[in-house]
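Undergrad: Construct the complete structure from the given sequences, taking the supplied hints into account.
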Amino acid sequence: MTELVEFSLGALVLLPLLAAAVVMLIGHTARRVLGVVTAVVTAGFTVPVVATVADGDAPELVLGGFTAPLGITLRGDGLAAVFLAGTALIAVVLTVFAALVPAATGEHLTPSGWRPGHPGFWPLWLGCWAGLNGVYVSGDLFNLYVGLELVGLTAVALVALGGRKSWDPALRYLFIAVLGSLLFLTGVGLLAAVTGTLDIAQARAVLEEVEDPTAGLLALSLMTVGLGMKIALVPMHRWLVPAHSAAPAVVSPILSGLVIKAGLVILLRVWLWAVPLVAEAIWLAWLLGALGAIAVLVGSVLALRQDRLKPLVAYSTIAQIGYWFLAFPLLVTEHDDAGAAPGAYSAIVALAVGHMVAKGGLFAAAGYLKLRFGTDEIARLRGAGAQYPALILAMGACAVGLIGLPVSLGFAGKWQLATAAVGAQQWWVVVVIAAGTLLAAGYLLRGIAPLLLQAPQESDHQLPDTGDETAPAAAGSKTRAEGAGELLILLLGVATIGTGFLGSWIYDLLGVGLW
Amino acid sequence: MVNDLLPLILVLLSVSVAVVIFPLPEQAARLRSTVNIAGAVTKVVLVMLLVPVVVAEGARPEFSIPFLPTGDGEAIPLVLRVDPLALFFAGLSALLWLLTTIYAIGYLKGKPNRSRFFGFFSLCVAATVGLSFSGNLITFLVFYELLTLVTYPLVAHWGDEKSLQAAKLYMRYALGGGVAVLIGVVWLTMEAGPVDFAEGGAADVAELAATSPGLAALIFVLLIGGLGVKSALVPLHSWLPAAMVAPAPVSALLHAVAVVKAGVFGIVRVVDDVYGIEVAWELGVLTPLLVIASFTVIYGSYQALRQSEIKKRLAFSTVSQVSYVVLGVTMFSMAATAGGVVHLVHQGIMKITLFFCAGLFAEAMGAHKISELRGAGRRMPWTSVAFTIGAFGMIGLPPTAGFISKWQLGLGALESPHPWVLAVLVVSSLLNAAYFLPVVWLIWFGETPDPETDDDAAGGTKVREPAMLLVPAVCTAVITVGVGVAASLTFAPLEIARFIAEGVFS
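Chains as they are written, first to last, in my numbering: chain A, 1 to 515; chain B, 516 to 1021.
The hints are simulated quantities; they were obtained by calculation from the structure and are not laboratory data.
Since the structure is predicted, the reported quantities are computational estimates derived from the model, not experimental observations.
Keep in mind that a hint or two might mislead.
Output of the computed footprint for chain A on chain B, the stretches with three or more beta carbons under 8 Å from beta carbons of chain A [as the list claims (entries may be wrong)]:
no., segment
1, 649-660
2, 673-685
3, 695-707
Listed below are several chain A residues computed to face chain B (Cβ distance under 8 Å; list not exhaustive) [what the hints assert, rightly or not]:
no., residue
4, 405
5, 407
6, 412
7, 419
8, 441
9, 452
Beta carbons are placed, not taken as given, at the ideal position from N, Cα and C, and that holds for glycine.
TA: What follows is the structure, given as structure tokens:
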């Protein structure tokens, strides 16, 4: 059993990476098959790891037999397990969706013009997944950086699959991604210089001995700013909306659901594991909290003002990111007091994983609608619900998670955040949560309700003017595969509700391998 | 043991009906109706089975799973527990769901989007049953919010601008209220720990009220303010008349079984089972609530008087009637509590009769305005009889259910510290009579429009009353009289309400 678990830990990172390499060598249809097989097997490797962590053990794999600081250690603790499981769910669903609806992977240029579907999606996406898993299980700072870089660069390339219009946003994203990584790397270098090790646990042990906290604090600040850029915390959020809305239908959910979570996981690793919390770091936590509050409010208000579905969903991501940072001041105060089981930490994870599922579903639905109708203008999508009832149901269920209504992880997360805030007497947090919840209901209703309207008499939605007979038509010509694709999106909607019952299980899981 | 699973089964039953119905094609009307009615009948039977177990044997079937983590390692569970009050409410919703389902099948015959409608319809009932069985505040909150969500597509069912606007207004009010309840629950949980519903109030809350009464009162205000939205306490009521654009069965459900009832049921729970009536009385929060409820009773009636549309008048009548329940539980006397609780059921039965009839008038005669009901008695005799019984019930004439409620409430007012409530009851009954009797008069004695001068009117000719719509209306009308006549039998609503009230004051 232990061997299987250790093997799984390695395979989670290496298998998708290997598949990404192999997939480049084979034909287009074979890519789809191999992609799905890889996804299912990788998700299968998640099971033993999560099961072991649920039993209370944190498995470790020491690569090549060299222990840190020389070698590389992979660790599966509670945080890793929760994110591995969430990612596996979303990744499998989206992979199968991409295989069923190739047009969702972007468009590529042929001598005869732009064609739907981009075969480059497969190696990039599998590479991205390898990077994500690497980030989750990395036990040392340098591998965190490598994983982050892998995720960031593949994500930029994935955005660029969306054809001409997506190249500008992709380029903007690239600048931010590289700058963010550089800042993070500088922080890592600083820590390595002070502590002489890249292993997270060892670095922490050394830092706790060091009297002067300045170096640790500087590294912490650098890494936080770098990661803040990658996560798109206000005011470093400007790149996210164009990139996420210009990306192809199946890429947007990957970016919004998964990619930014890599930054969050690293941020948690840095704040809670690598650098011991010092009193001097409190101001930084408060700054993050304040920015988080601004993000929740500003993101929501901007989402309310969008006329197109995908930017609306993208601004909603900005707002949801805010909640994670909102919890940071509580994280620090709680940790200071007792070091007891921290509700704020669990709240961040519940909110992030809830967002993963719900936003994955909502963005996939929005992208799919855009694909079918050739537009995502809300006014022109009137009455789309009649043709896509499963899709609308899925969007509704995902909206439940994003608003934070029961039953969903969004609710469990907001509950924990609110109780932590009340416990710490931070009433402003509760006010922000309440305002954010109502605003979220407002903008999601604005985005989804028109789809429920009766379709206007004259059919005024246009087909995408690619002049291509395989281009998706607005109605009636749904293939069987696309019908199945819709059901997959519905599956994410159902998962949004279903995971809502896991709040307390996740909390227990997170207790494994805590700092 | 099996009993412990029953509450879960009852909730899941409606959910699975929804799951089966959603993917059904529009044309599969027969299959859909069979599933619907089979589900509804099973539900009624299961609830009936629970009655002797819970009321006579005193068992409290309970099902729970861990749900939300707390700091000290013990998770707050989702609890479904059957106590008499829960059963009372669940029984009402099970019975009325059956009748409303039959009615809705007839009403929506040949109209689009029926699979969607019945799917959400079932989810709505699942939420209501879950709400009634909720054993703690968290569970209640979960189902309370679920109810908001699943009724939204029902209110917006017709899919035109007007429906969507009404649904949006409803959503705003309901979510705003939901957030208030959520904050209240979070706060209370932090101060007093996770609160289990208990007869006579939760001990932790009583302790909190003793140590910091101001805080306890503030949380009470938050909770009741949030619940007051759904129960349409003035000034939080405007969504209800607007939501009348929904299909008639939805209005029936909204007003009689689910949404509005969920609000008042929540208020009853908070007053009696969270704070406990003694504690609430000592906190001094009952009297202000009583005053608000009294105002709502009078104001709702006054507004109803001013409406010329049938459904609008009925909507304001609901605003007024539902507050009787609040009136009952805040008067601080055992008889009044029994009166309030029994009105929970009585109002449901009477109001659903009226809505069924309003839908019938609209469908068969095209009558939406009160003036169009002129001479309906001759054209649609059965419907008119049922409507008249419902209206008499609302006024509180014997031997209807409404009389029992008002009598009990009046008794309660006299033995309570607030005898002036009796005046509220009298004024309200007069207003009820003022807005219902003219309608009844018009139906039976109004001159039929002359077919020669008015092309649209069909004259005094009889109109066919669709059986699927008529049978439920007549059933509820019969029950309205039945529970009035047989009020003192064992297991009659009044007896169970008295039993519950004794528990509250024990």
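Undergrad: Failing hints, ascending?
TA: none
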